[in-house]
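Chemist: Next come the chains, spelled out residue by residue.
Protein chains: 4
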Amino acid sequence: MRARDLGVRIGRMEPGDLNAITDVAGVRVGHTTLIEGDGPLRPGTGPIRTGVTVVVPHDGDVWTEPIFAGAHRLNGNGELTGLEWIREAGMLGGAIGITNTHSVGVVRDALIEAAARAHAMSDGVWALPTVGETYDGALNDINGFHVRPDHVHSALAAASGGPVPEGNVGGGTGMICHEFKGGIGTASRRATRWTVGVLVQANYGARELLRIDGVPVGRAIPLSDVPSPWDQVEALSARATPEGGSIIGIVATDAPLLPHQCARLAQRVGMGVARMGSYASHGSGDLFLAFATGNRGLSRNGGEDDPRRTVELQMVVDQHINPLLEAVAEATEEAIVNALLAAETMTGRDGITAHALEPDRLLAIMREHARLA
Amino acid sequence: MRARDLGVRIGRMEPGDLNAITDVAGVRVGHTTLIEGDGPLRPGTGPIRTGVTVVVPHDGDVWTEPIFAGAHRLNGNGELTGLEWIREAGMLGGAIGITNTHSVGVVRDALIEAAARAHAMSDGVWALPTVGETYDGALNDINGFHVRPDHVHSALAAASGGPVPEGNVGGGTGMICHEFKGGIGTASRRATRWTVGVLVQANYGARELLRIDGVPVGRAIPLSDVPSPWDQVEALSARATPEGGSIIGIVATDAPLLPHQCARLAQRVGMGVARMGSYASHGSGDLFLAFATGNRGLSRNGGEDDPRRTVELQMVVDQHINPLLEAVAEATEEAIVNALLAAETMTGRDGITAHALEPDRLLAIMREHARLA
Amino acid sequence: MRARDLGVRIGRMEPGDLNAITDVAGVRVGHTTLIEGDGPLRPGTGPIRTGVTVVVPHDGDVWTEPIFAGAHRLNGNGELTGLEWIREAGMLGGAIGITNTHSVGVVRDALIEAAARAHAMSDGVWALPTVGETYDGALNDINGFHVRPDHVHSALAAASGGPVPEGNVGGGTGMICHEFKGGIGTASRRATRWTVGVLVQANYGARELLRIDGVPVGRAIPLSDVPSPWDQVEALSARATPEGGSIIGIVATDAPLLPHQCARLAQRVGMGVARMGSYASHGSGDLFLAFATGNRGLSRNGGEDDPRRTVELQMVVDQHINPLLEAVAEATEEAIVNALLAAETMTGRDGITAHALEPDRLLAIMREHARLA
Amino acid sequence: MRARDLGVRIGRMEPGDLNAITDVAGVRVGHTTLIEGDGPLRPGTGPIRTGVTVVVPHDGDVWTEPIFAGAHRLNGNGELTGLEWIREAGMLGGAIGITNTHSVGVVRDALIEAAARAHAMSDGVWALPTVGETYDGALNDINGFHVRPDHVHSALAAASGGPVPEGNVGGGTGMICHEFKGGIGTASRRATRWTVGVLVQANYGARELLRIDGVPVGRAIPLSDVPSPWDQVEALSARATPEGGSIIGIVATDAPLLPHQCARLAQRVGMGVARMGSYASHGSGDLFLAFATGNRGLSRNGGEDDPRRTVELQMVVDQHINPLLEAVAEATEEAIVNALLAAETMTGRDGITAHALEPDRLLAIMREHARLA
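From first to last, the protein sequence lines are chains B, R, U and P.
Residue numbers for the first sequence follow the numbering used here, so the first one is 1 and each next one is one higher.
Residue numbers for the second sequence follow the numbering used here, so the first one is 374 and each next one is one higher.
Residue numbers for the third sequence follow the numbering used here, so the first one is 747 and each next one is one higher.
Residue numbers for the fourth sequence follow the numbering used here, so the first one is 1120 and each next one is one higher.
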């Protein structure tokens, strides 16, 4: 059950066929979901509620063929490796990884290993992978470091176009959003002749602030009614940050954008997040990446011996970029709603439970606010 | 008639006494409003619908005593001078000016002149003023360059604490927002022991996108009902950019924030703008500045001969910064609504008319969406 | 007498025919030099030692046809307007102005006026001009605001390709560099099939730190030998900042660079500045802009009615960008040396004198350090 | 044998007692050096020429007590994790790691593990570690991923104040600089009442461009005389990038700097690099971090229950920051020279050899250029 299935239609633009980041041709998504054990937290043992999601940005050899990309930081209490290279050269190389905060390193190095394996361990293979994270320590044994290199390789092997599993999957497995169960969500928009897709790992925000299509849903479902997992965390330890959390947003488009135009799209992820009610709290790692597949062959086509010093590109004329900008804001908002709706109630370490946002309840609230026919 | 007078209450925090940027002690605002002539545009003659607004950031000698500040660019199709210095040194010196796009220069140099005058033309006076703008060429003879240095000096002389005139005043005189008449607006919030105030010059956005407190007001008042000034502009010339325009946002707080914390507040202005429905279109100059008066005496207290190499500061601990961040998002949203409500219908050059947002109409729409008792 | 005429050859690359920014086809430079009066400073009257320099970036209609550009701040104690637009859209529109600190505004607005005049005051003309500055208050009556709009128009009218006058001209008229007389300087490099040109307005640095091609020239010509104008300033008032000052650097290339690549070139200006001995002191406004004329037609070719949504571009492949990067560092270093050699001894307000760097003396020092045959 | 032992004195400021980053009180450095095997490259087996270096920034609990920090990117072809947090909050938490390009991940996660271990695996421990890298694949089996978590823990255990081993140690073990053997180097400067220390992992640059204290040493020792390891790499495979490589620079000071002031210091590392002859080539990851220990107790002193909302700080007044800025440029230059002088000739995988810069030879060249008595 996704937002549109309920009749919740964010914005004024139309989604692509799948209403997913995979509507952008060539983009593939793979998840490895790790759910194991129950009961009290025993660091190194579990319970495990985590995973890794990979986004493969195009249908070529992603390890050697970069595409244009740009990034934006709305709030930097998080990690997204590889950004210095993306900001400098405007290029994304390899698959993108998303996982929990304490597993960024293993995923990063495993992506280099994947690149090396794909090229017979040639000494010339080299990479600066892009790996993002949000914190799942409320439900998961995060200091158990349960994500292993093989989990990355299996997510890569599983990556496919087509509908994207959402909710409690991959990197989103143990995430919490607006004090409901959160996780992975996606949506897309057709923008003139191009498509824009967004995938989020949503793990941020206070209940009270939640808005869906402008309706104050969070106020209508108070914590006294559907309790917050963070209250359970607080009862166990000092650390309870419902207004912390984070959101990673990945934007894909087939439009021929230049790197600085990609960065502009990346910034618009934050506008979708703002519409959901977030103010990007201090504890939030709100980091966004946008890539554009509309230009290919950005490196020398013939390798080191290719004498050509320039390549030919297309660029979206600035006067036509608005639909792409608007699409990001809309698709982000809808991707978060999709994550909330897809995520099922989960009980993790120490019995901490994050409840799902019930579709029927949401529908009733939207109707009260004159938003559904 | 301001938003709260109508019962429209944005967010969950309480405003200050004036619900204005002047709730921050020492902050003063002054306007020079230039309205003259009617009829066809004759460049250099009129009609004139423009002005200049100044924000004086503290009650000391603003020309020689800087305070901490930070900035953010949501979309850069605009000008806000002085930002390189603010980004480098984290300091704001002098009064801030806001005017039309083609008068930034005259206002900038006049602010230097004001500094020099205030110090008997001493050769040691030196300044890098901060002056922002939005484009009022739909209503105003913008290529007539009607803002003169004396208009800056009179705005400075008029600057005062107390309630801030909103709508068609100062730099906001000829501005258009969501295809209604826009202009200057302000609001404030109490954030724990501190106050946050926001002042905007609102001149952006398409009607269809307008949301007020999440309610799709723009869709409820279509252009077929209350026409857009941009359609008149388009009928006269090729240039018609309802989705362009811009918004300048100035944030003041009495909290002792460091420069990088000010920049974080500045970025949250964009979150309020996003909630209004903007996606920060290509043609928009969405530039935001935040300053904090909670630390003073940042330069050597005793001048060049003062041997002290350090000064003492206070800093808001990061764990307590959230209310300040949230306050900016809320106050920005409310400041824009206040600008829309304060602005009266205006007819400018070539008979082009920007209509006011009618309070009664807004009230009815809010009620239909279950937002008012 | 320029550096190469003396046998001082900076770096390992070859200059263009003119060894000037005008080696980049289409680039034109114009100066208005204002020298008037002698004796004690009388604010508003003089003495006047200032001016304005314009760099016209290509041979088309610069007011309506933007080209790609990027910027870098080494130290932000200065102003370069228009940077928010350049950072957002990667585009430079119009001619660039360089003047004194207190005349940035008048030059900015005059450039808009020039754009409007060139287009019959059409209401659709709109601009966010790029104007930089350094401080000439040691020699010039800077609070007299002697630069007027007509000086900008005459600099534009005078702009031409061909050799660029250096030293005490245009915006560089009253500038001081390493406590010698400074001002405007330029140099260029051939970088594979392209050309890179740099123009500086040099007004920074302590004598002791001056290095030319790595040779500690400043130590070899101490202040006890050739006095500093700043010592005279200090004797008159408290303000004496030999280590302050600033440098504006403009980079032009005919290579087809994208905006982010332009920004990379802009940052390399600072590497040339560093080789001269600067550490980019707190008081320095070291702001750099690079533009690339290798792509044209970046806006819709047919105006608003042109249905095309994309344009075709060329991009220098990253593996071939190194010569362009190196060229900027080399040409910057040489442009500063050229400014120092071209500038003649000048006496300004209050009899303050900035002495020229004597070519013979420089030659002798270079020989002592085994640098000339 | 370090630069000063040879009589090479960079700049005009005095070093601290150790002329090392450890002159800043509380700063400790630890290395794990991995050298094993010889002969042909067998990925996964060796030969191994790599390691990890840690910089522990203060004498408190670095895992829970952050200090102010700032960063700068001169060229982004590299990785330095944790920068989004440092840019957002201006704070460095934990020890800094430096290693090879393909081991950043394992070092990052191991630093989190170290933090968790130090706090009994409390679920509240959370970290965004700062780990940098340069590429040692010319000498090392970089795709063998030989750095393991235990190597990080042993480097931490070994971290101490006192003299810092330089050259072929820690992360610098397999590095190449100006086509000589490179690696770790350090230097410091006294700046008024404070100390500034710099540590580099130097792995960049072409021979021909090498300058030491302005003297063109690289030209005086051509590749025909002392061969380049990159020529051997090129003979084995297509990948040979003498002008690539990278340099990581870490700046420490005991001055009470704010985060934005730290960022200013970080940018000056690039000025030292420029003086060495680098132009920051496309292939270079030139990433710099500066931290300041002069303010402590930046988080709530009493933990979550501490009701205080502000902390007291000291700030270096801007008018006194110049010696700190200059110190960074000087110390960086000297740290690189120290790295070159300390590094001994090393033969790595496939018999590839990076030769040391011979002190006697350097001395002779300096004398020829009138630089030593």
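None of these hints come from the bench; they were simulated from the model.
Ideal Cβ placement from N, Cα and C applies to all residues, glycine included.
Watch out, some of these pointers could steer you wrong.
As the list claims (entries may be wrong) - So the derived list for chain U, only partly shown, Cβ under 7 Å to chain R, looks like this:
#1 R819
#2 E825
#3 T827
#4 W831
#5 R833
#6 E834
#7 V852
#8 D855
#9 A864
#10 A866
#11 L874
#12 N889
#13 E1090
To be verified - Here are some, though not all, of the chain P residues that point toward chain U, as calculated from beta-carbon distances under 7 Å:
#14 M1390
#15 N1441
#16 P1442
Unchecked claim - Here are a few chain B residues that sit away from chain P, every Cβ distance over 12 Å (derived from the structure):
#17 R4
#18 G76
#19 E79
#20 G105
#21 V107
#22 N143
Chemist: Next step is simple, just say for each hint if it's right about the structure.
Modeler: Okay, the hints, checked on the actual structure:
With a least beta-carbon distance of about 5 Å to chain R, the hint placing R819 (chain U) at the interface is held under the 7 Å criterion. A distance limit of 7 Å between C-beta atoms decides the matter here; for E825 (chain U) the minimum to chain R is near 5 Å, and the interface restraint holds. The restraint placing T827 (chain U) at the interface with chain R holds, with a minimum CB-CB distance near 6 Å, inside the 7 Å limit. The beta carbon of W831 (chain U) is positioned within 7 Å of a beta carbon in chain R (closest approach about 5 Å), and the interface hint is therefore held.
Nearest Cβ of chain R to the Cβ of R833 (chain U): about 6 Å, under the 7 Å cut. The hint holds. Checking E834 (chain U) against chain R by beta carbon gives a least distance of about 3 Å; that is within 7 Å, so the hint holds. Evaluation of the V852 (chain U) hint against chain R yields a held restraint, the C-beta minimum of about 6 Å falling below 7 Å. Given the 7 Å rule on beta carbons, the hint for D855 (chain U) holds: about 3 Å separates it from the nearest Cβ of chain R.
Annotation: A864 (chain U) was flagged as interfacial toward chain R, and the flag is violated, the nearest CB pair being 12 Å apart, outside 7 Å. At about 9 Å, the closest approach between the beta carbon of A866 (chain U) and any beta carbon in chain R exceeds 7 Å, and the interface hint on this residue is violated. For the restraint placing L874 (chain U) at the interface with chain R, the shortest Cβ-Cβ distance is roughly 5 Å, inside the 7 Å limit, so the hint holds. Contact between N889 (chain U) and chain R, as hinted, is supported at the beta carbon level, the nearest pair being about 5 Å apart and thus within 7 Å.
A distance limit of 7 Å between C-beta atoms decides the matter here; for E1090 (chain U) the minimum to chain R is near 24 Å, and the interface restraint is violated. Residue-level restraint check for M1390 (chain P) holds (minimum Cβ-Cβ distance to chain U is 4 Å; threshold 7 Å). At its closest, the beta carbon of N1441 (chain P) sits 5 Å from a beta carbon of chain U; the interface hint therefore holds under the 7 Å criterion. A least Cβ separation of about 10 Å between P1442 (chain P) and chain U goes past the 7 Å threshold, and the interface hint is therefore violated.
Annotated as non-interface, R4 (chain B) keeps its C-beta farther than 12 Å from every C-beta of chain P; the closest such distance is 33 Å. With a least beta-carbon separation of about 3 Å from chain P, G76 (chain B) fails to lie farther than 12 Å from that chain, contradicting its non-interface assignment. With a least beta-carbon separation of about 5 Å from chain P, E79 (chain B) fails to lie farther than 12 Å from that chain, contradicting its non-interface assignment. Not every CB of chain P is more than 12 Å from the CB of G105 (chain B) (nearest about 3 Å), against its label as outside the interface.
Listed as outside the interface, V107 (chain B) is inconsistent with that label: its C-beta sits roughly 7 Å from the nearest C-beta of chain P, within the 12 Å cut-off. Under the 12 Å C-beta cut-off, the non-interface status given to N143 (chain B) relative to chain P is violated; the minimum distance is some 5 Å.
Hint compliance for this structure: hints 9, 10, 13, 16, 18, 19, 20, 21, 22 are broken, all remaining hints hold.
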